[in-house]
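With the hints as a guide, bring both chains together as one complex.
Residues per chain, in single letters:
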Amino acid sequence: MDGHDASTFFSGSDNEDDAMLVEQPDENASEPLFLDGSDDDKSPEPSEKAKGKRRADDAYDDAEYIDDDATESTGGDVPRASSVSDFDFSDHHSRHSSPDRDSPPPAKKQRIASPVRETAPILDAPTYIGEFIIPNAWSNISGKGIVKVNDTVQIRRPKLETKPKAKPKPNGLGNKQISIATMFKPQVTSAPTKKKADTIVRLYNKNGSEFGRLPQETSSWVAHLLDLKVVELRGKMTDCPERLSTGASLIVTVDVYMLPSAFSSRSVEPLKDDFMWKEGDETSEEINLRERKVALLKLFKQIGLKPRSGANVKLSKADTKLNVSKPKRKTEIVGDGEEVEVDDEEDLSKSDLDMIYQKAQRGDKDMKEMEPADTFAMTLRGYQKQALCWMQSLESGKMDVREASSMHPLWSEYTFPPREDPSTGVFDLTEEEKPFYFNPYSGELSLKFPKSERTCRGGILADEMGMGKTIMLSALIHTNLVSEEDKAAAAASALSTKTQQLRLNAAFKSVKRRSNRAPSATLIVAPTSLLSQWAEEMERSSKPGAVKVLVWHGQNRTDIEAAVNSGEDGDAEEILDSEDEEDCKPKKKKAPRIQIVITSYGVLVSEHARSEKGRSPIFDMEWLRVVLDEAHSCKNRASRTAKAVYALQARRRWAVTGTPIVNKLEDLFSLLRFINFKPWSDFTFYRSFITLPFLARDPKAIEIVQVILESILLRREKNMKDSDGKKIVDLPSKEIKILKLEFSMAERKIYDAIYVNVKKNFDSLQSKGLVGKNYTNLLAMLMRLRRAVLHPSLVLNHEEERAMSPAGDGIVDVQELLARLKGGNKDSSTSSQETESTNVFASDVLSKLNNDDEDSAECPICLDVMERPVIVSECMHKTCKDCILMYVATREEKGQEPACPTCAHAPIRVNQIIEVIKTEADAQDGDAEGPERQSEVMLRKNNFQSSTKIDALIEHLKRLRDQDPCFRAVVFSQFTTFMDLIQKALRREMFEDYRYDGTMDIRKRTVAINKFKEPSRSPKVLVISLKAGGVGLNLTNANHVFMMDCWWNAATENQAIDRVHRLGQEKTVYVTHFIINETIEGRILQIQKRKTAIVQEAFRGAAKKAEKDSVENFRIIFGED
Amino acid sequence: MAGLPKRIIKETERLMADPAPGITATPHDDNLRYFDVTIAGPDGSPFAAGNFRLELFLPEEYPMAPPKVRFLTKIYHPNIDKLGRICLDILKDKWSPALQIRTVLLSIQALLSSPNPDDPLATDVAKHYKEDEKDAQRVSQEWTQLYAK
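Line order of the protein sequences matches chains A and B.
For the first sequence, the residue numbers in full-length UniProt numbering are 1 to 1121.
For the second sequence, the residue numbers in full-length UniProt numbering are 1 to 149.
These are calculated hints, taken from the structure and not from any lab test.
Built from N, CA and C at the ideal position, the CB exists for glycine as well.
Check before you lean on any hint, since a few could be wrong.
Said to hold, decoys possible - A few chain A residues that face chain B, going by a derived Cβ cut-off under 7 Å, partial list only:
#, residue
1, P435
2, F436
3, A857
4, I861
5, C862
6, D864
7, V865
8, P901
9, H905
10, H956
Same shape as in the complex, but just chain B (with noise of 0.2 Å):
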């Protein structure tokens, strides 16, 4: 691997100087590519009040491609599935390099605060959350405070 790119370096520095609330992001020391993420659930969701591990990296071809991200924290979340994968426009196909560490975990922030189970990952976690929005949110309660402490 090259040297790190300059883009790189100054968002790991604005992360820890200023980061996101509710969002810490650390680089491991032996790969700088790679980032342990927390992401505190969003007040008002059915995921307040927990403390979610995802892991991020950086591929070499980033900023023009997407970072890759995963929760590492079982989750109960239409979008989410089992192994963590997160369905998110901004990292697939509506990518833009002008987008940055701190904007993706944000947005996946957001995500955690609206689940959208038209366009679904887990299917049958949408399948619950259309039917019964009510039971979902309860099992994603349950499920945060089960694994998310």
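Okay, chain A solo, but in the shape it has when bound (with noise of 0.2 Å):
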């Protein structure tokens, strides 16, 4: 190993050095105590040479410390692998010995560094960084005229396997060199458990001996620093005590240097594939890089190197902040939201999230603006056409507009400073500063500049929902339809390829044409409900002819392959050609051409194992453009769907999400994958420096995501203000209102019975500890907590429920149930006398439906105006239906059996109990419902049970028509069954309604959409399900939103909420949301609620002290779970 190492430091030129290391091997041999770890076995014979010189060597002492240094900084700049005998050392020594021999004398004197410097170059020398003073270091020895001050004090390490020996001797120069080389090796890995071991750092006089010590506080970095042969430190004695005595202060001056083989080895990417990623674990490079960074950061810090350009620098102030504040906080905050969310630890809550963002966001508000292409046919805010100036300028490459720099994000830039005492008069000052970079993340330096490497064009789009992300990407399109490079190259191979076409078709496909022609299509990719609206969109905002759309989806694709399969030209062409037909100019010249296709996760899915076996059009040809629409579809890197997007092949890409990072930071690494950011599209390369540290509760981890996204995502968010203080997005208001409802007695007892079951279940499992292994067990156990709170017969399953809920609608012909009545009853065990008067009665009842008198006849139980009457099919009295039903329930209570209230006629059943249901003079609508319609009473029976929650729904939507009688409501509830029931009752109640679902086919989602848009002069509500239709979808000409149920954060709900209230808004938007008291749902709203506040005091901060608050948000990011 020793050969090994040493055998790189002979590589430099400098001879002295060498000379100086013939003889140091020895005293390293004799002396361990100074040596890295990895150093100490020197082959033996070089060390027996050492010995007789020893003596001559001490009175060169000094200069040869400081020759050393040049050394090492040589040897370090042209590592050599081969082992290297003694007689190398020698060899060396004689060869270049002389010139060197000549400049030692002037550095003896004074500091010594000058000589070094003035020959070398940056790279090859210690430069001068800073100087700082120590005034607490102490002396171990006592005695007389050790040191002076303005004496020369070496600092160096001691070797740490053997406890320090009584007489110190200098050297030092072999094992800093030796240990050089050892960087570069991975045999380091054994250095650093010995180098954890202590940190002391030792002073020592122009003699060499040892007199003292560095304070524990600074040893503790500058150990390392050392160690790494980052630095070296010369030191002065400034103030000391004639006599020193053991534990007496010294203050020592120390001028800082920079190693050239601090520089030397690592450049950011090689090194990391080699060395560490490969395994792992943190490795002792790792251990090495982190402890360098710390030092590095602590010691620019101490000598005040402030970095001169570079994004940087205030993080990491913010950085040795957190670290105190850090635990405190611990335990509070993340924690109760996690228990509920199915994911572990790593999830973000909201405000980590805006925290995130908020870097990015900082500058947007003075971003340019730019205007749209002329065939872009809406006028676009402000906000967007900043976006659209941002869009463009990456696209182009351009990336002053938010003024990134091209340096490479993570890593600063910082000049070395000028030396203040040019006492040897010996260097240059004219010198030209010389900058060199430092990473403040991982530590690295570097002398070249740290490009940040952009190969691929495009980014993240990341608005908040509902402000027209869509529209912006359209102007996008427009604007950008060829890039400039693309258009010439087009107009070169114009001429002659004109009729050339390349095609979806891969067996039409040519390299010569390809190459030939710069790809002009843009693909979007969206989930398959929105494809539709994109297509509209995309139409809507162009000109009429400026832009032809395909959808290539379902049926659609399927047509466009059998085209291709055909291998008929014409038929190829006339669908596909559009993709890629050659000229580029945004107006049409000849047949339309298709800029752009619209296709869905799915089909790309499907395309792309296709492609992998055979072909796939999709995948075959090179976009100009890929866009990816509720990008966080694809979050999962090892999803199917993220693995094909990544395949396709494009030259700008684009991601747009309201939620680039929906729990997890890896969320983000897939987007930054594909838009093939780099580095960070190394996966290996993001887990090691975000996903890990964060996980270790590095805030480190954050900051590089800031910095990240700075630099490619956009994101506004709709209460933000432009430059003139006005909101960006002026949308309506909007008002939410929580209605909490008390269940019915009978909805109480079944959820009540399902709680304690619940209850019961997971005590048991708490007290044996199995909760964890259980967790999807109770998660459905909640699950069905949550259903029961909507609506018993989504819980309960037997026949009666079912009887209780048939299809159909229920209606009752009048004339039938009269018939019923006469003929039916014959076989009852009234006497016919009776049933003759019943009749009699019935008939009477049934005719005077109509009168309007009966409007005000009297409920017997609540003595009100019957609001919705029934009949009770048994004897025909009539009742309120709540009145009838409640008392029908307290008599199954107490185990007697339902009675008529009014004539005790019993039994009788609810699903018998006949509704009389008034239409309105002006209701509306003929499609609807049977042949009742003519007369304008008509019967039902109450063979559908509601829930409370429908009926408070229904009650709404009552009042809703009463006040509006064309509104528009959309209803959301996460449980498709719970929907079919909610529209059960809607009929009932004459409601329009429409339905929008995950199970639904994209044909039928659009014509629920459309339709549900359709102008009419009645009321319309659309039944959505939270999950299929709580992203994308643009639902602004409805203006009532109703949520039946709760999720577990409010975050989602918001997005469905923000499918109405968002641009294109007009009015007020009325959120209404049921709760049902004393259930599951209050605990989730608590829930909710916390998350809120959280996000609410994020939010209060950004605004104001924004570095005290992102300390406060780190403690909350952090906080134990």
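Shown next as structure tokens:
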């Protein structure tokens, strides 16, 4: 190993060092104390040689020491792998020694740095970067004349394995050099453990004897810098007592010289690949890097060295604070939410996300605007123009809009300060300023300018929902129909290849053609539910004929493939050509060509599978631009969707999503990977620098994400203000009302029964400590509770319940009913006379149904006008529906037969109760129901079991109908089965209803939405599943939203509400949230509130004292779970 | 107690506005579910000319559950015990929410006219009525004069 290490140094040209080297090794051998761990086993031979020379060397000690450093640097620059024998040492030595011998003397006298610096270019010599004072070093020996003020002090690390021996001897030259070498080698692995053991840094006088140490707080980081050969410290005694005593305090001024070795070995990526990531664990290299990073940051702070440019200064400050405050808050915040979320500790709360975006949003107000191309038919708002400008600049590769520096985002630029004390006068002060670069995240140093690599153009458009992302992209497509450079190429090729067409069909694909033609089509990938919306928006936003859009999905798609497979030019062209037609000017020349292809993730996945086997047009061609809508769909990088997305070939890539980070930081990775944003698109890299640190609660992770996002993500929120202080989006207000309802008795009983059951299960699991293992099971139980809140039949599934909700609308014909009364009652126990009178009475009741005075009839139970009159079909007595139902329930509860309250006829059956429904005179809509239409009164069996929530909904809708006879309302639920019931209830009440859920195919969904949007003078209600319709849809024609159940986090619900409350909404939006008291929903609400509170806290801070708040936010993030 | 159900308010209003003959029912100011009731003994019965005081309480579940009614005035009646409790089917299992305070009180008044010793509550009185109705009626009359003035 030694030989190995040593060898590296000799490649350098500096002879003096070599000379020293020869001497040094012996010392190392004899005095292992001062060597780094790896260096110790020097071959015996040189050491012996050295012994003899030692005394002589001592005289030169000072000079040698410095020279030594110089050597190190040279050695470091050009590492050599071959092992070197002792002969080599001497060899070099002799060869080079002479010139160097000359320079030492001047150096000896003063600061020895000068000669080195003078001769060597920056890369080759230690370079001064600043000084600092250590006011509290202390001596560990006593005696006189050991050290004087202004004496040079050597600051070195002892060797670690053995305890310091009585008489320390000067060395340090060789060991340093050797350890430089070790930095390049994997063998270094053994070192860190030893290094960790202590961080003692010793002080030596010019004779090389130890007389003191650095204080612990300084040595803790200085030790790492010395061990890792990052800097060299040259001390000068500034103050000390004449006579030293043990523990006397010493003031030492330290000049810091950056060693070339600090820069030499580390370039960002390759090292990582080779050294760290393959193994996975934190390797010694990683430990070194980390220690070095921390130490360097401290050093820069000590010497007051500030970055000249680069994004990271402030961050590192925040970081130090954070380290202090981090522990306090740990237990408090995040925990709760996560218990509930399915995901583990990696989850990010909304407040975290806000903070992450915060940085990216910093300068957005003042971004430039840009007018879209004239083929774009809509008017953009200010912030949309800004987005256009930003996107345009990212596409064209100009980064100036957001002032993102072209430096690699993680690096900062520093300059070597001019040496303030040119005492020797030997070196050249006119030397131009040399910059160096430091990566405060990894601790890497570089002399080369670290460029941020952007091979792909594009970014993440992450504006909040309802800001018009679709429109912005459409504007971009219009404006950048073809990139400039592509245009030129296209023009050139246009002449020769005018008729050439690149087809989706791979069979026709030829390399030649492809290279000739620049891709001009944009591929938009969106969730299935949004395909038609995209198509519409695209059409709507462009002047007629300007852009042709093809939705490539379902049936359409098979058509294309048939055409493609048939291989007929004509066919293929007609449908496909579009994509690649050569001529790229926005205005069409001849056959309309398609510039925009819209497809779904699903199609993409299946096509991807196909392309792996053979070919798939969509993957074979190169796109000008690929846009992923709701790009978080591919957040899981292992998913097939993600893989398919990565496989697309495109020149420009855009990820559009309101939630680039859904739960975890890794969600972001997939987007970066898609955009091909290097180096973060490399998962190992991302994981090592972001995911793992984050899990380790290192706030740097968040900072890095912030930095990444700053350059490629644009996110505005609705409540942001523009530069004039106006809201960038001016939406009508939104009123959210949470309505707490009480269960009916029966519902309460059912719910409580289930609750008790679940609770028992949970308790027993908990007592056995099995909660974690039965997580899904518990979730399922919770789910049952949540369903029980909505409607009993969602949890009860026996015969009876089913009987209660048969299909059909339950409409009863009056005549039929009469007939049945006459005929059907014959076998009943009542006497014929009684039957007769009943029948007379019944006909009377029925015939009077239409009379107006019947309207004022009083319910015998509540003594009020019957709001929802029903007829007990057995005896034709009327009551209110609610009254009789309640009465029946009470009776049943007491174990009594339900009887008619008026005549005590028993038993009566609830599902035989007939509702009397009066249709309002102006009530509308012909197509819905049957023959009862002509009469204004309708009878309907009470065969629908409602629930508290459904009743509340219906009641609200009815009230709405009274106020606004053509209202539009949207009803959200998570459960399709509940949606069924809601719809049934709606139909019973003659509301025009539409449905939208995940089980419907896209065509049906489109139809539903379109019909819902169609203008009409009657009210319409759209029942939507929260999951399928929560994103993307634009339902601004409605302004009433009803949330039937609650989701775990308010964000999802808000997203759903934003379907209605978004750009284009002109009315106040009313949101009504139905909650049942004293059920699981109350608790869900608590959880939501808690989350929201955190978010608000974050917002408050973001406005004012950002720094303090980000600390606060960090606390939140890293709170114990 | 939540607000008074509309039904109770309505019933009270009607009782005040249009009292049943021989019957008064006045709610307490501090508890509108609690009524002071008087029933005049029906003519032709041993209780004639008597003025019987009762208390009537509407429970929380009313009208799903029957009101609770009790004689405060001592009365010699086979279906009313010495605590004033009344044996009347509509106050028990035959209760229907379609019945009201008024109908209940009228029923009680009717009960005074037609004691039913076959379904007794005060067994000794019932026995007396069965064995010697005349004598029993005399006692009833005496009690009425004694207590129900």
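Hints, verified against the model:
1. P435: violated (78 Å)
2. F436: violated (78 Å)
3. A857: Because about 13 Å separates A/A857 from the closest Cβ in chain B, which is outside the 7 Å limit, the hint is violated.
4. I861: This hint holds: A/I861 lies near chain B, its Cβ roughly 4 Å from the closest one there, short of 7 Å.
5. C862: holds (5 Å)
6. D864: Holds, because the Cβ-Cβ distance from A/D864 to chain B comes to roughly 6 Å (cut-off 7 Å).
7. V865: violated (11 Å)
8. P901: Holds - the Cβ of A/P901 comes within 7 Å of chain B, reaching about 4 Å at its closest.
9. H905: violated (10 Å)
10. H956: violated (21 Å)
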